[in-house]
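Protein chains in written order, with UniProt numbering: chain V, 1 to 369; chain E, 1 to 369; chain P, 1 to 369; chain Z, 1 to 369.
Certain hints may be false.
Identical chains blur together in the list; that is why a pair holds if it fits in one copy or across any two.
What the hints assert, rightly or not - Pairs of lysine-lysine, DSSO-like flavour, derived with a Cα cap of 27 Å:
(1) 188 <-> 284
(2) 188 <-> 91
(3) 198 <-> 91
(4) 324 <-> 268
Please keep in mind that the hints were generated in silico from the structure rather than gathered at the bench. This one's a predicted model, so the numbers in the text were calculated from it and none came from an experiment.
4 protein chains.
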Amino acid sequence: MNTFGKLFTLTTFGESHGAAVGGVVDGMPAGIPVDTAFIQHELDRRRPGQSRITTDRREADRVELLSGVFEGKSTGAPIGFLVRNTNQHSKDYDDIRNLFRPSHADYTYYSKYGIRDHRGGGRASARITLSRVVAGALAKLVLRQLDISITAYTSQVGDIQLDRDCRRYDLSRIESNPVRCPDPGKAKEMEALIAQVKQEGDTIGGVVTCVVKGCPAGLGEPESGKLHALLGAAMLSINAAKGFEYGEGFAGAAWRGSQQNDIFLPAKEKPQTSNLKPQTSNLKLQTNHSGGIQGGISNGEDIYFRVAFKPVATLLMAQQTVDKAGHPVTMNVRGRHDPCVLPRAVPVVEAMAAMTILDALLISRTNRL
Amino acid sequence: MNTFGKLFTLTTFGESHGAAVGGVVDGMPAGIPVDTAFIQHELDRRRPGQSRITTDRREADRVELLSGVFEGKSTGAPIGFLVRNTNQHSKDYDDIRNLFRPSHADYTYYSKYGIRDHRGGGRASARITLSRVVAGALAKLVLRQLDISITAYTSQVGDIQLDRDCRRYDLSRIESNPVRCPDPGKAKEMEALIAQVKQEGDTIGGVVTCVVKGCPAGLGEPESGKLHALLGAAMLSINAAKGFEYGEGFAGAAWRGSQQNDIFLPAKEKPQTSNLKPQTSNLKLQTNHSGGIQGGISNGEDIYFRVAFKPVATLLMAQQTVDKAGHPVTMNVRGRHDPCVLPRAVPVVEAMAAMTILDALLISRTNRL
Amino acid sequence: MNTFGKLFTLTTFGESHGAAVGGVVDGMPAGIPVDTAFIQHELDRRRPGQSRITTDRREADRVELLSGVFEGKSTGAPIGFLVRNTNQHSKDYDDIRNLFRPSHADYTYYSKYGIRDHRGGGRASARITLSRVVAGALAKLVLRQLDISITAYTSQVGDIQLDRDCRRYDLSRIESNPVRCPDPGKAKEMEALIAQVKQEGDTIGGVVTCVVKGCPAGLGEPESGKLHALLGAAMLSINAAKGFEYGEGFAGAAWRGSQQNDIFLPAKEKPQTSNLKPQTSNLKLQTNHSGGIQGGISNGEDIYFRVAFKPVATLLMAQQTVDKAGHPVTMNVRGRHDPCVLPRAVPVVEAMAAMTILDALLISRTNRL
Amino acid sequence: MNTFGKLFTLTTFGESHGAAVGGVVDGMPAGIPVDTAFIQHELDRRRPGQSRITTDRREADRVELLSGVFEGKSTGAPIGFLVRNTNQHSKDYDDIRNLFRPSHADYTYYSKYGIRDHRGGGRASARITLSRVVAGALAKLVLRQLDISITAYTSQVGDIQLDRDCRRYDLSRIESNPVRCPDPGKAKEMEALIAQVKQEGDTIGGVVTCVVKGCPAGLGEPESGKLHALLGAAMLSINAAKGFEYGEGFAGAAWRGSQQNDIFLPAKEKPQTSNLKPQTSNLKLQTNHSGGIQGGISNGEDIYFRVAFKPVATLLMAQQTVDKAGHPVTMNVRGRHDPCVLPRAVPVVEAMAAMTILDALLISRTNRL
C-alpha cells in the first residue's frame, strides 16, 4: 500500500513529525553511475522555504543513501535512504489533537485506523513526497542513459493559465522563477497572485503540465498496465491532486474524430521496431493530439499530460469545525504552510513520471525473447 | 499486466476476433448469492446493437460462468467465465492487415510485440471490456449486501453538457434513453448529435459522470493505494479514456481554499468509527467539494468523479495513413463501429468503480485487528 | 491467490466437478511458435486412466486455447484456455456432502469459507493441476528456444528409492514405464508395489526428482526472489507435496563445509557474464553439491531438486470420521482414485519448474540496462 | 524482489559493510502496542558474538524505529527502521575483491549484475537477516494479541539429531543453552561438535524445527497461497537453507495412506467456524501427521515444520578457487565467521514464520463478508 511500481519500485515510510522520512528503491538496474549531488539537487527543488511564496518551514533535507551503491555505481541491491526531520514544531499542533481540520485527512485517518498522529498531518503530510523525489532522481539517472528526459512546469495558478500546447514554451526557462513557469510574464502574474493569497491567509490551486521526451515506442501494457493509466495513478497519488488528463484530455471530449485523429505520414528513415531504444521509423505523425500514447502504449512521440491540484486545505484564518466528541469549534491554525502547492509539486510530478516511465521500460523488455 | 485489483482481482483474456473473451475473478467473498440474470443484464447494457446510435455489430454476448459458484452461491474459489465471439466479420479487416489506422493501437502494438492480430483491433478492441462488466456485476452483487450503489451516466457529448452537480439529476431516469443521460431534454439533443455525426461517417467524444453512494469511511490506503488514484487508474484503463477528475477536479484548480474546503458540522448521532459498514457519525459536512475522498481515503460522503472519452478513432470516411513498408495509403475502413462510445461506456465505468470500491473495502478490513 | 508468477503468470480456475477447468497465462513473450500438439501431449501425460496404476477416471482432457495466439504464434496477449469436465460422477460424492474426509481439505475449506463444493474435492482436487500443465507447456515452448530443458522423474515410491545422484540415470528412459522412473528395474518394483497397495484399497507416497539443464547463470533475485525459494513455493503448491530440497538438501545438513563446498576450477573459454543466454565462462565447478543455485541465483550448472509427496488421502477402505454435526461416522468412499500420485505428478513438477524458470529469466532481463 | 508478503509486508535493504541495514514494514494493523524492548530482545537473539560457538564479530545492533509508531502504538503507517553497521572490517575482504569464494554468492552476483560489493558478502550476507528479525518481532506483537505463539529450536547439528516429534520436548528450555536446543544432553553434544569444527577451521550444517501454536483454522489460500508453500518460500529464503518439510515430510513419503491419515473424532464443544480467532470445534484429530495444514489451509492444530541448513561456506582453511581472469588461486579467508549457522538461524526462522502467519491471517479476513 506504500509501494509504487512493479519492477522499479519505491516503498516509502515516514511522517511529518517523526524521526525521519525515507524509503527503499528496489529494481534499480546495476551499473548506473549514482550522482548524489544530482539527487540532492532534485530534493532541493522540493525543499520548503525556497522563496517568499512557499512555506517558512526550513529544513536542510539532506538525503543519506544507506545501501545499494558501491564505488559510485548501483549494484542492483535495493537503495535504502532517509532524510532526518530536523525542524518540527510539534507543539504548533497541540491545539488540533482532538480536532478534524476541514478537507484534510484528519477525519478519514481517524475513521480508518482509530488512531492518528495529528502532528503536522502525520503520514498524510506533503512532506512525505520527498521520498518520491529521491526515487525519481534515481530513475532520472537511469533514463538519462537512454536520452529520455522529463520536464514539468506550472501551467496554471488560480485563473492565470498558459496555452495548453507545451511546444509553445521554452522549457529551459522553468527554473528561472519561483513559480516554475516557462512564460516569464505569466510567472510574474502567478507569483503576485500567490503572494496576495498568502497575505489573506488563503490558498490557491493550479495545474502542472509534464512532458516526456525521447521515450521509445512500445512502453505500457494492455488492460491494467496502460501507460497513461499508470501515469494517472502516479500523479493522482500526489497530495492535493484532483485530476489527470493526457493528450487533448477533457477538452478533446468535445471534438470529432476527424479533428482529433493523428494522421501517419511516410518518413525517410528505415523501419525499426525495437522497444528498447528511442527509434527511428519509416513513419511520422502529422499531429500529436494523442499525447504520445495510443491504446495505452507509447508511440515514440512526446508524452504530455496535465495534473490539477486543489488549493491547500490549511488556511491561516479562522475556520469552523468539529472535535472528536462532536462539539463545534472555531479553529485557528498556526504552523508554516504553502499558500500554493504548485511550485513545489513540479519536481514531485517529474519524479513520479520518471519512476513510471522507467518501470514501464523495464517491463517492456520482457515482451519478446 | 492483464490483472486488475489486489484482493478482488480480475484477469482478462481475449481479442475481438478470437474464439472467446473472458476472464477470472479471484477473491470473491464466499457465500454471496450469485444472480446470473443480473450479470447477463449488466452485459446487455454494454452489448452492441442496442440502438440506432451504437454499432451494428450484433452479438448475443451470453456469459457462461465456469467455476466458483455452487448451488447459487460463491464458494470463495475463482470464477472463470467466457463469452464466445459469434459474429466476427474478420474479412472486413483484410485490407488493414498491413496498415496502421490513425489513433488506433495498431502501430504501438506492432512496435511493442513485432506481431499483431489486426482483426477488429485484436486485444486493443473495446470488445474486451465485456470481461470487466461481468466482473463488475459480481462486485456489485457483493456491494449490494452492504447497501453500496454505483451509478454512472453520460454527462457530456460533444459540446452538449450537463451541470457538474450530480445531485441535480434524478438518476433513476438514466436507462430511459439510449444515451444514458438523466436529463431527458439534453438526452434528446445528444442523441440527435450522435445520429448526425454517424451519418457524416465521423465520431464524437464526451464525458461520463459516476456516483458511489453508501460507501463507508475508511476505504483507500496511503501513498500508492489512495482511493481516487485507484479509481483514476481503473477509469483511465477503459478504451478511449483521456482524463479523470474527482470532486471539483480541474475546475477547482482555479478556486481558493476558503471556497473549496468542506466545513465539518456537528451531527446528532453517536460516534462510530468502524471502517466496515456505512457509518453514522457525530459530524457531517456542509459541502462535498472533496468528492467523498480526503487524503486518499473515503469520508462517508458520496464519491463522484468524471471520465473524459475521446471520439472513437475509426471513421467511416477516407483517411490518409502509412503501411508497414512506409508507403502512403488512403484507407477506407469498413466494419461496424460506434459513432460515440459514451452510452456503452457507462456500464464499463460502473463496473470498474464497483471492482475498485470492493477491493478497497476488503483491504480496509485488515487495517485493525 | 490463484495466480502464480510475477511476469510470466498463470491464473487458474475450476473445480473437479464444475463445468470446466482452465486458466489465463499472461506475460507470454510474443512471437513464440505455439505447438498445440505439444501442449496436448503434455496434458496427456497428466491424464487419468493412463495405466493400471492410475485412477480409472477417464477424460479426454482436450485443451482449447481461446486467445493470445495468431497464425500459430503468441501475440503477447494473454492466453486463455479451458478443458471441459466431461466424466464427473458427482453422485459418487453424495454420501460425503456432510462428512469431513480424513486428511483432505474438506474441513479446512469449510472452516475457511463456511461453504464447500463437496463433489470430488471441489477446488482442492488434483484435477485442477491440469491448468498448470498447460501453462507449463507454454513455458517449455519458450525455454526450448533458449535450449533450456526440464525433466522430472519418480525417484522413490514407498521405501523403494533411486540413488540421489541424478547423473547416474538415462533420463530418456523415463517415459518408457508407467511409473516414470529412469531405472527399469526399480520401475518394475515400484509398479508392483503400487499395484499391491491399490488392491489393498490403500495408497502410498514417494518422491519426484527434477533436473533443469541449460539454465544460464544469473536467474533469481535477492531476498524474496531467490530461485530455490521460488521453486520450493511452486513445488509445495502441488497437491500432496510435503517437502522440498535442492542440492544436497536435508542429507547435506549433516556434512561439513569442507565436504559440501563446490570448488571453482579454471576453464578454457573466454569470460562471459551475460545473464540472458547460456554462458561459456572461464571457470567451472569440480562438484555441484549446491544444485546449480548459490545465494539464490543460478550459477549455470544443472539445477536439481526433490519433492516429497504424501500418500493420497482417499482410501478405498472403511475409515472413521465425523460429520458437520459432530457425530462419528464410518465412511466408505467410492469414486475413482489414484493409489499413488507420483507418476502423474511428474509432468506437474516439470510444468511448475518451467514456469518458475521462465519467470526468473524474464525478471533477470531487467537487472542491467 | 526484496519484499516479503502481500498485506503484511517487509521490504529490506542493506549490505554487510554498507552504512546500515534496515527495512520498511507495511500493513502493520493500527493500535497495536509496540514494545521496543521486545524488538531489541529478539534482535539480540540473532546478534553475533553471543557465545564461543558464534562469530566473533561484535555489534550492538541497536534498532531505531523511524516511523509508524505514535505514543507507543502502531498507527497503520509503514514502520521504517534501521540498524547502523558499526564494526565492519572491510579491509579483511580486500584479498577477495577479484576472487570467487566457493559456494558463496560471489560468482552468481557478479554474473547477474556485472558488479559486486565484495565486502563481507555484500547483499548476500547473513547480516541482512536482522531486518527480518525486526519485522518478525512486530508480527509477533500482533500475533500475541491473538494468543498465537511461534517457537523454533535447533533439532540437528551434523549427525546429532533430536526425535522428529516436537511434543517430546519442553520448549521453555530452548534459550537455556547457546545452541538453542530443548534437549540439554543433546545441546551439550552439539555445542562440543560445533566447537571442534570451529577449531578445525571447518563448518557444519543442521536442521531447525519450528512450531506454531494457537493458529486458527482457515489460514492459507488455494493454489498460490497455500500456507505451507508460503512458509516454505519464507524459510528457503533464509541464507544457507537447503530444504523444507512440514508434517511427516520426506519421511512420510514412504508411508501408506492408512498410516498417515489423521482421523477425526467427535469433541464436546459446540461448532464454530470463524476464521479469525482460535476455535473450539465439535471435532478433534486423533493424530497430527498433517502438521496442522490440510489442502494448504490451517486446521487449528499445531503447525510444525523443519528447515535444513547447509554448513557455512566460509572456511578458515586454505581453499582452491579462481579469480575473475580465470586464474587458479589458493585462498585464505580472514574475517569473523560462524562455524554453524543454526543457533542464530533460530530467531530468523521464527521471524519468517511470524510474518507469514500474520499475512495469511490478514488475508483470511477477506474470505467472507
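Hints and how they fare:
1. 188 <-> 284: Cα proximity of residue 188 and residue 284: none, with 38 Å in one copy and 40 Å across.
2. 188 <-> 91: Classified as neither; 36 Å inside a copy, 57 Å across copies.
3. 198 <-> 91: Intra 23 Å, inter 56 Å, cutoff 27 Å: intra-copy only.
4. 324 <-> 268: Intra 69 Å, inter 13 Å, cutoff 27 Å: inter-copy only.
The structure fails to meet hints 1 and 2 from the earlier list, while all remaining hints are met.
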